[in-house]
Amino acid sequence: MPKLTIDGKEVEADASMNLIRAAELADIEIPHYCYHPGLSIPGNCRMCLVEIEKAPKLQIACNTRVAEGMVVHTTSDKAKAAQKAVLEFLLINHPIDCPVCDQAGECKLQDYYMDYDQQPSRFPLPEKNHKGKAIDIGSGVMLDQERCILCARCTRFFDEITKTSELAIFGRGDHNVIDINPGQPVNNKYAGNVVDICPVGALTEKEFRFRMRVWYLHRTTSVCGGCERGCAIDIHHHRGRIYRFKPRFNPGVNDYWMCDEGRHSFPGLQAETRLTSPLVQMKDQLVQETWGEGVRRAASIIADYKRTNGPNSIAAVVDATSTNEEAFAIKQFMKTAIGSDRIATLCWSPPGASGDDELLIRANKNSNTRGLAAIGLSADGLDGLAAAVASGELKMLIAFRADLVRALGEEEFVRRFGALDYMLVLSTDANETCQMANQVWPIAAYPELDGSFTNFQGRVQRINAAFPPPGNAIAGVEAIARLGHALDGVDRPHAADTVFTAMASEEPAFKGLSLATLGEHGLDLAAG
Amino acid sequence: MERILTRWLDIPDLRKFEVYVGNGGYKALRKALFEMKPEEIVNEVKNSNLRGRGGAAFPTGVKWSFIPKDSKKPVYLCCNADESEPGTFANRYELEFDPHCIIEGIVIACLAVGAHTAYTYLRGEFTVQKRIFDAAVAEAYANNYLGKNILGSGFDLDIFTHRGAGAYICGEETGLLESLEGKRAYPRNRPPFPAIQGAFGCPTVVNNIETLSNVPHIINRGADWYKSIGPEKSPGPKLFCLSGHINKPGLYELPMGFPLKDLIYDVGGGILDGKALKGVIPGGSSFPIFTADEAVKVNMDFDSVRAAGSLMGTAGVMVMNEDTCMVDALKTIAHFYHHESCGQCTPCREGCGWIEKLLTDLEAGRGKIEDLKIMYDAAANMEGNTICVLADSLSMPVKSFVPKYRDEFEAHVKLGRCPFKTTSAQQAA
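Residue numbers (numbering that gives the first Met the number 0), protein chains in the order written: chain A, 0 to 527; chain B, 0 to 428.
Just chain B, same shape as in the assembly (with noise of 0.2 Å):
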């Protein structure tokens, strides 16, 4: 398959101004400056049916019409590059290998909203990328691909980039919008929504890395060229992010609908030491876990793995092989979601760390059996009851894992130890 969105692993130094523009870079800015109006930009983009790649997979081009035509006050453009679910990484390599691309998707959308100022918010770790970035927006401004009257078409443009310090809930839209207004990130309530109500009080648009920088490729090449690749409802090439118990893990372009077993088996290159496999995540940790035999049946495109029971989120595919302890795996999950938590709404604040208290003991083998039911309780009463969805984010591994894997939840009660770890000798190691 045609290299999209990992050009750079073709065209080497394609982070560099010159090579970008060399190898057709900001074209499609050209075509949208020059020969597109902003409403026919958003309708390409919905009808391209791109849907959002930070994870709720909203049509790109339904949010960008949301924007009021007439707002009086200034439009703003946030691009989330605050990458922070466990088990992805693709905007990391964007924004290393590919900026211009961001950058070239950002003024497009800028365009088609109508914003004359961008805020790019990034993942406080991300201090390389973040260099990289800069140095690539410097020479957009030198190049007058932003900063004022871009390319004598009148249109103006201003790119701010932004470091957050930490915290995973700055890569909730409004919680980003908060941290971005100099406030802690407590995600807010919506209705307001951010096409409303969003940086500084103003109508903002807040896009995914990823999602941006499939906007210069579907403005050259034309919505229907876009919805031929994969699924019609959910198309476009994706990064895939593989890790866990697997051979070949890393950063892949597939085309969305790709099935998770050859991405598994072929891409991959199979389990780990010739493995069992024993579950998929499929979306980043915040997601239900897939059995070994859900997980073989599985397309990955947002539509077909909805249906099956999980969320494909942001494509972080996280591979367990035989030897995982699961109560271990959610143990994991659950200290990352407590730890990260932003506090703000009692059932998070409160729920994540009693599951996790629960799933530590469990996993030393002080569990009770009756833990079980109170641990899925407080799952289930923390989904849908909080501001933002981290509190789904546990909620749903938990309602998946406790099911999924009961045998070996009660197997840690009935041994008082974790059976994955054979010997009180290892279990002390």
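Next comes chain A alone, as it looks inside the complex (with noise of 0.2 Å):
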């Protein structure tokens, strides 16, 4: 690998990295607009711009291969004129309107003002060049042509990435704006990303617009639970409300992006119908109780059925959204505080979905459906169940996540399930199901869980709780062992990390995996 001197620093970057990259190595930051690293490279905006000993005149840093010897200054006074010139030039006809703009507070503009020129405007307000604002240009993507740098991100996202070239620059010189073409708005399932990357202003999301200013967001990684793809996302939120979901890097699963399907998931994620309080069935009507009340009944009942009727007169039924950890530790309260091996797994994705693409949208719909196989739950299970309904085997059903009612229809519910003596719903919304339920626990949705993913791949992700579930819900794992220790008095790991290490000591799929050290990243699966 060739070694290089950027200011000053000793650096040894592989010999495909452009001097960007290799600056990042030594914590030196090239300031850039155009370049993205999942982008080919235009060498536009002429931020980039480095003194290179031997080199007759500034080079951009984004088009420049590292090469053994080679001596970069990023903060010489010619590189730090230009920058400034360029940042200069940048500004003259920007309209400089942050407070009532969405980016401020994320805007590599006002970022690179302050870390680079800091110098008083040297053009006349009035002379500015106009141009479009709030321009809808569809897909939920609002355009400020006037705040534009022309960087040509989203040209090229959509050139390259999609395929698909919705937008593209109009006109010349200082009157080049991006524009859709004419009566062709954006139609794309992946057009939130052009937001993400728009290193300005210029692209904001219709749905974040004059919502929530950005200094204000915590982040929070995590995984989006819109498909079994697992984008690597991080969650901005504010006071326990989600304001949008961003994709973050992830080579191999989602590399930059995300869909717009998964983007603006969130609010189903918290909408009024969370559950805040476990419920019980009075007079065919759902009331409040207390966890403790709820338990005890439900542990009493359970001991009624193992009793009279046998553990198998016990089952769960599992959906594919819930975390590995989830999975796992009802599989493990299946067997040792009933005794039961009746567990079926609810994969479903709802009528209408989006299927498969060629860049991440899966058909299945479900987050962790690898996981709950790696766990060795079993893929379907529910003729099973239906069957031992039928005949009167089975008694009670612990719906976890499971929406039956939704994945089945009413009507093939009753037809299947209808027989039950009881049904307990572990659930964070009050969905069709629990209107069923004898009994109903409100559980944690994923941004507020600490846990793991298991991705389509084989790839395990970390999730991070971002804030508490509302009111007195919890997370399913804490339920599933206040419920174990009332049936049998035996302790059962409740916090995300000793569960994974119980799965990773019981599972072989998970044989050598901590939730600690899956990293941004995550990890694969054990092979085999």
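Hints may be right or wrong, so weigh each one.
The following residues of chain A were derived to be distant from chain B, with all beta-carbon distances above 10 Å [as the list claims (entries may be wrong)]:
no., residue
1, 91
2, 104
3, 159
4, 307
5, 349
6, 490
7, 500
8, 517
These stretches of chain B come out as covered by chain A in the derived footprint (C-beta under 8 Å, 3 or more residues) [said to hold, decoys possible]:
no., stretch
9, 327 to 333
10, 348 to 358
By construction, these hints were calculated from the structure, which means they are not laboratory data.
The model shown is predicted, which means the values in this text are computed figures rather than measured ones.
All C-beta atoms in this analysis are idealised placements derived from N, C-alpha and C, irrespective of residue type, glycine included.
Combine the two chains into a complex, taking the hints into account.
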């Protein structure tokens, strides 16, 4: 690997690396706008001009590969003058409407102005060029042509990643604008990514506009639960509310991107229908009770069935959106606290859901299908349970996240499971299945959980709790641990990391893994 | 002096195939086809010291030698006829009056670099020229000087002509390639250079028309003959485009190294209306201006003009007399580059417009003295910091006009109006 010197620091970098990436290895930031590691290199913004010894003029770091013995200066007088000059040029026609711009706080124009420029404007305000503002270009993306610095990240994304070319540059010179072709709005399942990669406030998300100042947002690393791809994301939240999902780089899983369906899935995770208290069916009505009451009630019912009809009169259905830890905790609970081997999974996608595509989207909308399989939960088993209900062997069902009524349709659910005596539903939301339940327990949605998902490729990725679940809702493993303890007095692990540790020792697929070492990109399941 | 590039002045209807052949046309092609190996052609052109006439003055033979010998991809030749530098009008005459010489040059160049397809990229406005050139191409095809198995040599070549849509940037060689490929003419980053990755990702030579017109003569008469015309390092016959406040503006063929003084006062018949000379831009509007004192000392060849502080570019010689408002002249130049900047790189996109705005204010007497520094800074910050040299093309005039005619710029500020417009009534007019 070539060795070079950047700002006096010796760096050893792969020969394929450009100077921006190589400098990152030495913790040196070379400012840039148009360069994006996931896209081609246009070299148009000129922000990354650096001085290279023996080169006659400044070179753009983005389009310069490392070379043995290269000596690079990013803070020399010449380089600093160029950085300052480029910022001055970028800002002369910029509206500087930061107070009403959603990008403020995460805007590279603001950041670099403070870092590299800081000179007063030498351009008279009334003479700025005017262009289109607040243009709805489709797919929930708003365009402000005046804020645009024409770095062409968005056009390159649509040209190179989705290969659909909805956006282009029109006009020339300082009248250049990004725009859609006349009458052809953006209609793209990945459009939100252009908002992410826009370094300024030119492209903003309709749903996010004017909702929240970005400096109030906290970021929690997680994984999108929208499908079995499991795109790495950051959850941006404030006071227990999610304001947006942003993709997080994970090579081989989602690279830099995510789909709009996943991006806009968070309102469904914090809907009005969220459950906040344990409920029990009383005179055809669900009424609130405490966790203590609920757990004691469920434990005594389970004990009754166990005694009268045997352990196999009780079954569990685990939804394939459950975390690895939840699935493992239930499996263990069924085995040790009840002794039942009736455990099925529910893996379903709503009708009309998007199918597999060539980029990220998977037809299977269940975030942890592969994880459940790796834990050894059978891919379906619902037919077997239905048969056991029909034969009268199965009396009680614990539905974990599984919205059976919605998945099967009410008629089919009643036909198969209508004869059940008792149903305990652990759910995030008050859904139709809850209406059919004898007991309902509120559990945390995945943004409120520590734990992990295993994507369809077998990548185990960590999720982190952004904030606590609403009301009296608790983590699913905690609820299971409480029920287990009420049944047999055994203390079960109820924190994600301890459950994971137990899982790693019990389940061969998770051998050698631990929650703490999954890292930002996750780790693959053990082979075999 | 013998006319070489402008033989059409002596030979009526030279554009016609029979006339061209009757006057020794396509002899060089026969020689190249049947008596020379490709590398011999390259070497002959290399030895002739022919330098590109498109403005950059790069040695043509050297450029040809950059084409990989064992390329698995096809090799292309692009003939740059997107002549749009203000003050330049040589290519249009060549296309109109001597198209077969261009075709002959193209075939020889293709033979030298192993290209079997050549594209001629014509400026959008060249409608008549395209018609004439296309007719000549058709004649060449009909007589097997183009097409399959040219003159039985086994060498195939097709020429396609392509007209641009009226953008100066398409004359920049990589902008031309992008435009040729049907894209927006955004110049490309180099490396890779066109010789490695040019048109459609294949090795490509881009040559100016005037450069290619020289090639048949070099093949016919040899490198030594060619080098004997003008200075050895920058030799050959040259087309000078003389315009501005001059008695006899027009296109003149003269040997390289011809004194600018003689070009203006002898060939050009002196300054219009007997006025005094104020300044000369020697190479098209992109380049630094010479004051009258500087101009009379310069010889017109690439190296001499460079040594004197400007560039010969396309030899678009623009003469300005003592009545010229230099602020207005620079404003006109700035307007052009502002209009023609493709807008790809930040400094050029924003800087050209900024400079034009400053000059508009200065010329109208609304400027401030500090605007001169701002304008100079903006020009300096543009120069050398962009993908192509369009930014430099405005930067260089600004950086030469402002110091050389500073008193005029300051006079505009002090008077609050243009001193060349004497009354406010005239100003309004």
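Here is what the structure says about each hint:
1. 91: Label violated. Min Cβ-Cβ 5 Å, cutoff 10 Å.
2. 104: holds, 23 Å
3. 159: Nearest chain B Cβ is 14 Å from residue 159 of chain A, so the label holds.
4. 307: Its Cβ never comes within 10 Å of chain B, the nearest being 78 Å, so this holds.
5. 349: Per Cβ check, residue 349 of chain A is outside 10 Å of chain B; nearest 42 Å; holds.
6. 490: With a cut-off of 10 Å, residue 490 of chain A remains clear of chain B, as the shortest Cβ separation is near 63 Å.
7. 500: Residue 500 of chain A clear of chain B: closest Cβ-Cβ about 52 Å, beyond 10 Å.
8. 517: holds, 39 Å
9. 327 to 333: violated (count 0)
10. 348 to 358: Held - the stretch 348 to 358 of chain B has 7 residues with a Cβ nearer than 8 Å to chain A, which meets the minimum of three.
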